Amino acid sequence: MSIVEFSWSTAFTGGMLIGFAAVVLMVTNGRIAGISGIVSNILSPASASPWQWAFVAGLLASGFLVHFLYAPIPIVIESNTPLLIVAGLLVGFGTRLGSGCTSGHGVCGIARLSPRGLVATAVFISMGILTVFLMSLLGGGA
Amino acid sequence: MKSTISAFIAGLVFGLGLILSEMVNPQRVRGFLDIVGNWDPTLVFVMGGAVLVTAIGFRLAFLSSKPWFSNAFAVPTNRLIDSRLVLGAVMFGIGWGIAGFCPGPAIVGLATLNTDILIFVLAMIAGMKLVGVVSKQSG
Numbered sequence: 203m204s205i206v207e208f209s210w211s212t213a214f215t216g217g218m219l220i221g222f223a224a225v226v227l228m229v230t231n232g233r234i235a236g237i238s239g240i241v242s243n244i245l246s247p248a249s250a251s252p253w254q255w256a257f258v259a260g261l262l263a264s265g266f267l268v269h270f271l272y273a274p275i276p277i278v279i280e281s282n283t284p285l286l287i288v289a290g291l292l293v294g295f296g297t298r299l300g301s302g303c304t305s306g307h308g309v310c311g312i313a314r315l316s317p318r319g320l321v322a323t324a325v326f327i328s329m330g331i332l333t334v335f336l337m338s339l340l341g342g343g344a
Numbered sequence: 380m381k382s383t384i385s386a387f388i389a390g391l392v393f394g395l396g397l398i399l400s401e402m403v404n405p406q407r408v409r410g411f412l413d414i415v416g417n418w419d420p421t422l423v424f425v426m427g428g429a430v431l432v433t434a435i436g437f438r439l440a441f442l443s444s445k446p447w448f449s450n451a452f453a454v455p456t457n458r459l460i461d462s463r464l465v466l467g468a469v470m471f472g473i474g475w476g477i478a479g480f481c482p483g484p485a486i487v488g489l490a491t492l493n494t495d496i497l498i499f500v501l502a503m504i505a506g507m508k509l510v511g512v513v514s515k516q517s518g
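Just so you know, the protein sequences line up as chains A and V, in that order.
Count along the first sequence from 1, add 202, and you get the number used in this note's numbering.
Count along the second sequence from 1, add 379, and you get the number used in this note's numbering.
Don't read these hints as lab results, they were simulated from the structure.
This one's a predicted model, so the numbers in the text were calculated from it and none came from an experiment.
A portion of the hints provided could be inaccurate.
[Unchecked claim] Pair ranges (Cβ atoms, derived):
1) I460(V) <-> S249(A): 23 to 29 Å
2) G341(A) <-> V423(V): 21 to 27 Å
3) I460(V) <-> E280(A): 32 to 38 Å
[What the hints assert, rightly or not] Just some of the chain V residues that point at chain A, by a computed CB distance under 7 Å:
4) G390
5) L391
6) A429
7) A440
8) A453
9) A468
10) T491
11) L497
[Said to hold, decoys possible] So the derived list for chain V, only partly shown, Cβ under 10 Å to chain A, looks like this:
12) A386
13) A389
14) V408
15) N450
16) I460
All residues carry an ideal CB built from backbone N, CA and C; glycine is no exception.
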């Protein structure tokens with residue numbers, strides 16, 4: 203195993219920002235910053251709450267502002283269209299079925315020592331690792 | 380109004396955190412999942428920073444009797460580890476490993492008007508909606 207170049211300080215700082223945002227949402231609105239749950243909810247617009255629309259708008263605004271007003275965001279996608287569709291379906295179905303993703307179960311769940319969060323996170327990380335491993339065997343490169 | 384504005388700010392800062400930490404870059408994410416290959420530990424530090432701040436912040440938040448702009452904390456009380464949770468996590472993990480996107484980074488990335496991300500997000504929405512359809516049919 204070789205380790206790629208990375209900056210632990212920007213990674214950690216970015217993580218702290220994520221955590222700070224989750225805390226802001228809890229302190230102000232009393233809600234878990236679980237993106238999959240929030241997005242799932244706004245798919246039924248009639249029953250969606252204003253805070254959910256606002257949170258998603260904030261996410262979109264961050265991407266738009268940084269990418270178009272500061273600097274292009276590095277996004278390297280190694281998947282072809284069929285894989286993107288399969289991945290999207292699995293992520294959508296799986297996060298809604300399992301009631302959470304990396305933000306809800308991972309960040310907030312672990313922070314709260316939630317048994318569901320801890321189990322879900324262990325499971326999806328393991329499956330992610332297994333999937334990348336199998337793909338590297340099949341495709342000759344991750 | 381204050382509830383909506385504060386939620387927007389939370390989303391904005393959350394997104395900035397995802398961007399700074401490069402979690403919006405699927406190459407970084409899959410690099411973390413590629414533990415037998417060229418391992419990228421970035422995600423460990425991102426999670427570390429996020430969980431640390433959230434753990435401390437939540438404890439402080441719950442010292443209050445209610446949130447600032449709503450009537451009560453809406454924190455999940457379900458602690459049951461059931462088949463839906465595990466199956467859902469399995470499926471999510473596989474999808475995450477395939478493309479390196481989870482919902483948050485996908486939404487942020489969508490704003491860059493990247494058509495690949497649009498494809499992913501549309502499929503993700505379809506997958507989410509499918510859960511509702513399947514749930515109704517199975518009762």
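The hints, checked one at a time:
1. I460(V) <-> S249(A): 23 to 29 Å: With Cβ atoms ~27 Å apart, the hint holds.
2. G341(A) <-> V423(V): 21 to 27 Å: Hint holds: Cβ distance 25 Å, inside 21 to 27 Å.
3. I460(V) <-> E280(A): 32 to 38 Å: The hint (32 to 38 Å, Cβ to Cβ) holds, given that I460(V) and E280(A) are roughly 33 Å apart.
4. G390: holds (2 Å)
5. L391: Where the cut-off is 7 Å and the nearest Cβ of chain A is about 4 Å from L391(V), the hint holds.
6. A429: Since the shortest Cβ distance to chain A is 4 Å, the answer is holds.
7. A440: Holds - the Cβ of A440(V) comes within 7 Å of chain A, reaching about 5 Å at its closest.
8. A453: holds (5 Å)
9. A468: With Cβ-Cβ at 4 Å, under 7 Å, it holds.
10. T491: holds (4 Å)
11. L497: Hint violated; L497(V) Cβ to chain A Cβ min 9 Å, cut 7 Å.
12. A386: holds (4 Å)
13. A389: holds (4 Å)
14. V408: holds (8 Å)
15. N450: holds (8 Å)
16. I460: Holds: closest Cβ of chain A sits about 5 Å from I460(V), inside 10 Å.
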